[in-house]
Amino acid sequence: MAYLSMGEAHRRINDYLNRFCDAVSNQDGDLLKRLLSLSSNNPSILSLADALNVFQDANRLIKQNDNYAQFGEILVHLFRAFQSFRVGSFVDSYQAFEKAANAFIQEFRNWDSAWALQALYVMVYEIRVLAERADKELATNGKSPEKLKGAGSFLMKVFGVLAGKGPKRVGALYVTCQLFKVYFKLGTVHLCRSVIRSIETARIFDFEEFPKRDKVTYMYYTGRLEVFNENFPAADDKLSYALKHCNPRNEANIRMILKYLIPVKLSIGIIPTDWLLQKYNLVEYSNVVQALRRGDLRLLRHALQEHEDRFLRSGVYLVLEKLELQVYQRLLKKIYIIQKQKDPSKAHQLKLEVIVKALKWLEMDIDVDEVECIMAILIYKSLVKGYFAHKSKVVVLSKQDPFPKLNGKPVNS
Amino acid sequence: MMMNQGGNAQTIAAVDPNSLENRHVVNGNQGQTPSYFPSTTGSEASAWPTHRVENSSTENGIHSHSAYQYNQHTQPPASSSSSLGTVNAPQDYSTYASYPNPADPYGYGSAGYQGYYNNYQQQPNQSYSQPVGAYQNTGAPYQPISSFQNTGSYAGSASYSSTYYNPADYQTAGGYASSGYTNQTNQTTAWNGGNYANYTSQQYAPYTPETPGVYSSATATSTPQNYQQHYKQWADYYNQTEVSCAPGTENLSVTSTQNVGCPVPGVTTGYQTSNSQPPPSYTPAWRPESSSSELPSVQSGAVVGGSHDAYWNHVAPTSQSQIQHISPIQAQFQKPLDQKTSYDSFQDQQKTATSQASSIQYPASQQLPYVSHSYQTPSQAVPSIDTQRVNKLQIPTNPRITSNMTLGLRKTDKDINTTSPAGKPAYISVSLPKPVEKVPSSASADSLLKTGMFPKSLRGYVERALARCKDDSQMAACQVVMKEIITKATADSTLYTRDWDTEPLFPLPNEDATNKELNSSNRVSSLAKFKRSPSRRSKSRWEPLPEEKSEKSVERPASLNSGGLNYAAWGHVNDKERKPLLWSAGSKNDNMSSAKFPSLEQKSASKITQKPFKRQRLSDGVGATENGDASSDSDAEQGLAAYYAGAIALADSPEERKRREHRSKRFEKVQGHRGQNNHFKPKNAGAGSLYNRRANALVLSKNFEDGASRAVEDIDWDSLTVKGTCQEIEKRYLRLTSAPDPATVRPEDVLEKALLMVQNSQKNYLYKCDQLKSIRQDLTVQRIRNQLTVKVYETHARLALEVGDLPEYNQCQSQLKSLYADGIEGCHMEFSAYNLLCVILHSNNNRDLLSSMASLSDETKKHEAVKHALAVRAAVTSGNYVMFFRLYKTAPNLSTCLMDLYVEKMRFKAVSCMCRSYRPTIPVSYVAQILGFTPTNEESGEKDSEGLEECIEWLKLHGACLAADNNGEMQLDAKSTSSSLYMPETDAVSHGDANLAVNDFFTRTPS
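Chains as they are written, first to last, in the numbering used here: chain A, 1 to 413; chain B, 1 to 1007.
If you're looking for bench data, these hints aren't it; they were derived computationally from the structure.
Here a beta-carbon is modelled for each residue, glycine too, at the ideal position from N, C-alpha and C.
Each hint should be verified, as a subset may be incorrect.
[Said to hold, decoys possible] PhoX-like cross-link-like pairs, simulated, lysine-lysine; straight-line CA separation at most 25 Å: (1) LYS399(A) to LYS817(B); (2) LYS773(B) to LYS149(A); (3) LYS867(B) to LYS391(A); (4) LYS360(A) to LYS956(B); (5) LYS909(B) to LYS391(A).
[To be verified] Across the chosen pairs, the derived CB separations fall in these ranges: (6) GLU230(A) to TYR733(B): 53 to 61 Å; (7) SER814(B) to GLY166(A): 44 to 52 Å; (8) ALA964(B) to SER194(A): 32 to 40 Å; (9) ALA964(B) to VAL283(A): 53 to 61 Å; (10) ASN26(A) to ARG783(B): 31 to 39 Å; (11) SER194(A) to TYR733(B): 50 to 58 Å.
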C-alpha cells in the first residue's frame, strides 16, 4: 500500500462523508447504494478504508459536523466495518456492519418514500455475504460459526420493516430471497415457511408487483422446497415459472434452475433432450435419462452411485432414486414388445422368470421374491395395468394400454 | 390454638373437595352472616370458572373472588378467642375474624389475593410456607384455588413468587415483634398479613410511597383487564384504609355503610355489585383529594378522572350504592391527608428500617386492628402513636416521598393514556404479570418485577453459585459476577435458551476486586436496567414504545432517592427471605444466623432516622462522581444510572463493610475456622449457610440481572467443576435443582464401577435407566467427557433401544453425536447406523435423511451395520417389503429393535399393495414368509405353523378376508381384502405416547 498522507486520508474521509450526506439529502438511492456496497471492491471504498486505517480519529470528524452527526450511528459503525473488512477481519466487520445496518433501518423507517430501497438491498446483501465470510473465519479459528444465523434474524427484522403498507413493501421479496439463501445455507429451511406464508397470504403483497428478479429467485427457492417435499406438480410449476422468467442470458441461473427442474420433470415422466443437458452442462443427468429411455436399471444405479455426493447435497438423490420404478416399467414394456413380436397371443402374460432373466442379464442380483414384490409395487402404483397371479408366477397385463404414460402426473404413492 | 386448628381442619375438609356448596355450609357453621353466603353462591359458582378461563371482565368474576376467599376468613371467628394470645397462623385469621364486620368486602378481597398468591408460592418455594405459620394455614384451605391456577393461565408464577417474597418481609417483621406484644400487636401481625396481601397484589405499591400514582395506574390498567384492576383496587383500598385509619374514627363510618350495603341486596347480583362497588367509589373520592393535598401535579388528576369515567361506566349498574359510599368516604379522606404522608413515610421507613425500626412500625399498623377489632377505644391512642411516628419519620423522609410521588404520578398519567385505549382484547390470564410490569413506579419495584422473567433453571444456577460463597463480601462479589452473566445472557438472548442447569459456575472473585467491582457493576447494572426496559416493554403488547423515554426522564430526578431506598429495601428482603429458609432448615445454627440476619444491610439505616440523610448525602457524592465519569458518553441514561449506582454503592460504605466482616467472623465460628479470603475453593458449606446463600441467591437472581463487564467465556470453568467424593456405587437419579453437592457426586472410578454394576445387573430396565441417568448426571456435573462417558451413553442407548424407549435413546444419541465429534472413541459405526435407521423409520423427513446420508463418509458406508441401514432405507423408500423383511431378519446389533418399531407399518403397506396387485388369491403361507412371520424358504421346515398362525391372526386383525382352498391351504382373497383392509387402532394411551404406558412398558421390559 502506497504511503497515504494524513491530509489525503482526511480529505478522502471528508469526501465520503459529504457524499453520504448528499446522497441522503438528495434522496439519491443509487449513490447511497454505491457508498454502502462493502464487498464490491469499489475502488473508492477501498481507498476510504485505507484512509480510515491511516486516519484513526474519523469518529471525531463525524461528531464535529452536525450534518454527519445525525447519521453518526450509521457512519461510525460503517467506518469500522470498512476498516475491518480491509484488513480481512470479517467477524469484526460483520459485527460493525450489522450495527450500521441496524441504525440504517432505523433511518429507513422514517423515510416515507422508498427511495433508499436500493441502498437497503445492498445493506441486506452485504450482511449476508459478510456473515458467510465471518463464519468461515470463525470456523477456521475453531469457533462456532453463528454469524449467518444472526444475519438471518437481522434479515427477519428488515423484513418486518418492509412488510407493511406503502411503497416499501415491494422490497420485501428481496429480503425474503436473501433469507432463503441464509436458511438454505444453514440447513434450516423449515424457517422459510413463516416468510413464505406472509408473502403468499398477506393482503398487502401482490405477487405480481414485486420486481421480476425477486420473483424468479423466490420461485426458484420455493420450487426447491417443493422438491424436498416431493410435491412434484408444485415444484414443476414454480421452477418452470423461474425458468420462463429468468434472464435467458444468465446461463448459470438457468443451470441452477434446471438442476432441480430436470429431476422433477423426469419423475412426472418428461424426459429432456440431450441437447439441453449438453448446453447447460448437466451431464450428471445424462446417464439417468439414458437409463430411463432404455429401461436399464444397471445404468441408473451406476449413475446414482457415481454422483451420489452431488445428488445428496443438492437434495435430488431421493427423487432420482424413485425413478427406478419407471425404469422397471420401461424394461417390462420392452419385454412385452419382444414377446408380442414372437407370439402376439401370449404377449400379455409376462412370466416372472423372464423378468428375472432380463435382470440377470443386466447383472442385477434380484431373486424371484423380490421381483414379484417389485411387480406388485408397479401394479399398485399404476405403472403397470394388470395383475399378478401368484400360483403361476405370471404378470397378466391389461390388453389396453398396459404401460400407461405418466403424462405430467406423478407416480401414485 | 387447638380450636383454631380444628377450625382449619374443618375448612380444609370442606374446601378441599372443591365443591362450593360445602364451603358455604362451613361458613354457616362458623356463624358468619349467613345471608351473605346464599346470596353469593350462585354468582360464585358461575363466576369462578369464567374468571379463570378468560379473565373475563364481568363483575361476577371479581365478586366471586372475594366471596370465595370469604370462606377462609370465616375460620377465625371460631378460633379468635383462643388464638389471640399466641403468635401464629390463627392470629392471622383472628384479625380477619374481627375484620369482616367492618370491612366486609375488602377483607375478602385481600384475603383472597393473599391466598391466591400463596398458591403461586407453593410451587416455586415450599420452604416458604414454613416461616410464617399463617401461610401454611392459608395455603391449605386455598387449595381449591390452586386448582384454578393450574389451568395454566398464570404462567408467570415465578414473578408472583418473587414479588411475594418481599411482602413476606413485612409479615415476618410483624411476627417477630408480635411475639412479645399484646393482643393488639398480634393483630398487627395479622394486619400485616393483610397488608401483605396488599403488597403482593399490588406488587410495588409498598415500595413506592406514591400510592396515588399507583392507584391511578391501577385504574388505568383496570379498564382493559378487570381482574387486574380489582386486584389492585383491593390492594389500594388497603393502602388507603391504612391511611384513613390513622385518625381512627373514620373507618368506622366506612365499614358501617358497607355493612349495610352488603346484606340488604340479598340477591346475588345485588350483592355483587355492592361488594365490588366500594373500591371504585372509594377511589375516585380519594383520588382527587390526595392529589390536591400532596401532589403538585394537577393534570394527573384530570387524567385519572378520565380513567375513572371509564371505570364508572364499567360499574354502571351499581351507581346507587356507590353514591352512598362516596360521601362517607370522602369525608374521611379529607381529614387524613397529612396522615397520608405519614403513611408514606411509614412505608419508607419500612424499607429502610431494620427490625428495630419495625417496632416503630407496629404501633402504626395497629391502627387497623383497632379499627377492625374494637372500634372506638383505641382510636384515641392511635393518633398519638401516629403523630409520634410522624414526628420521627416524616421529616426525614418527606422530600423523597414527594419526589417519588410526582414521579409516580406522571408516570401513571402516561400509563393511563396508553393503556386505557389499549382496549380489552381477550387477555388470557398470562397477561396478569404484564400490567404489573407496566408500571414500574420505582426502581425497586422494577427490579422486583423483572424477576418474573427468569427461568427457573437460572435461579438454580444463581443459587449454586452463591452457595459457594463463604462470607458476605464474597457473596457480594459473586452477585456482581452473576449479574454480569445474567445481563450478558439477556443481552444475547440466551437467558432462556441456555441450559443453566448444566452451566458451569464461574470462579469466585477476589474480595478486593469485588468491592471495586461492586461499584462499577452496580453502575452498569442500573444502567442496564434502563437500557433493558425497552426490550422488556416491547414484549408487553399493550404498551407503545415511545412512552419509555419520557418515563426515563421522569424517573431520573427521583433516582437519587429511590436508589438509596432501593438498596435498603433489597437488603430487607434479603433478610426476610433468608429467615424463612433458615427456619425450615431448623438447625440451631440456622436460628442463630437468622437472628443475625436482620442486622445485615439495614441495621445502619434503621438504627437512627438520621441515617437516611447520611445515605442520601453519600449517594449524592458518589452519584456526582460517577456522573462525571459517565458524562463522557453523553448518554442521559448513564447519568441516571450513575445516580443509582451511587445509591447502591452505599452498600459498600465502611460501616457496611464492618458489619459484613463482623458477620463473616460469626460465620467462621459456626463453620469452623476457614480462611476468609480463601475464595477459590468450592467448599461444602454447612446446611445453614447453604440455605442462606440459597436465599441470597434467590434475591440475587431477581436483583442483579443486569450489568455486563465480564464475559461468560472468560470465566475459568475448570476451577469450579465439582469434584465428587461420594463412594456409593448405587445412586438414584434425582433431577438437580440446586448446585450439586460434592458429597453426593461420585468420582470417575466409582462411576466406572457403577456402570459395571448396571451392566451386570439382573434388574429391570426402569432400575437400570434410573441408575444410568444418575451416572450421566454425575458425569455431567463433573464435566467428564471421555471414553467412560461414551460407554455410559452407549450402554444406556442400547438398553433404551432394547425396550423401545425412543425418547431416552434420542437423548443418548444426541450426546453421543457430540462426543464422537470430539473424537472420543466408541462404537461410532454402530450408532451412526442406529441414527440412520432412526431417521428413516421414525422421522420421515427427507431433508434429515439426505443430510444424514450426506454426512456419512465412504469408510462409514462400508461398515456392515451402516450398509445394512442404508439398505433398509432403500427398501423403505421404494416400498420393497421383501427386502425390508429380509434385512429385518439379518439386522446386526440392535438394529432389529429399531426396525421392530416399523414392522407393523411395513406389513400393512405390503398387504395393501399385494391385495391390489394379486389376483385372485395369495396363499397365506407366502404372505407369512414374505412378511417375516415365518422363516424364509431355505430354513423353513414344517415347524413354521406357529408363525403361520400368527400371520393369520394378524391378517384377521387387519380385516383381511381369508378362505381355505380345496387343498385346505389358507388363502387371502385379494380383491375383497383390498377393500376391507384397515389399520386397527393401536392400543392408544390417553396421553398419546404409548411409550409412557406403564403397564405396557413393564411387559416389554425384560426381567
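Each hint tested on the structure:
1. Taking the CA atoms of LYS399(A) and LYS817(B), the gap is about 55 Å. The hint is violated against a cut of 25 Å.
2. For the hint linking LYS773(B) to LYS149(A), the alpha-carbon distance of about 33 Å lies beyond 25 Å, and the restraint is violated.
3. Taking the CA atoms of LYS867(B) and LYS391(A), the gap is near 34 Å; set against the 25 Å cutoff, the hint is violated.
4. Simply put, LYS360(A) and LYS956(B) have alpha-carbon atoms about 38 Å apart, too far for the 25 Å limit, and the pair is violated.
5. Restraint check: the Cα-Cα separation between LYS909(B) and LYS391(A) comes to about 22 Å, which is no more than 25 Å; the hinted pair holds.
6. Range check, GLU230(A) to TYR733(B): Cβ separation about 43 Å, and the 53 to 61 Å hint is violated.
7. Checked against the hint of 44 to 52 Å, the pair SER814(B) and GLY166(A) passes, with Cβ atoms roughly 46 Å apart.
8. Checked against the hint of 32 to 40 Å, the pair ALA964(B) and SER194(A) fails, with Cβ atoms roughly 58 Å apart.
9. Judged by the Cβ atoms, the range 53 to 61 Å given for ALA964(B) and VAL283(A) holds: they are separated by roughly 58 Å.
10. Between ASN26(A) and ARG783(B) the beta carbons are some 60 Å apart, a value that contradicts the proposed interval 31 to 39 Å.
11. The hinted range of 50 to 58 Å is not satisfied by SER194(A) and TYR733(B), whose Cβ atoms lie roughly 38 Å apart.
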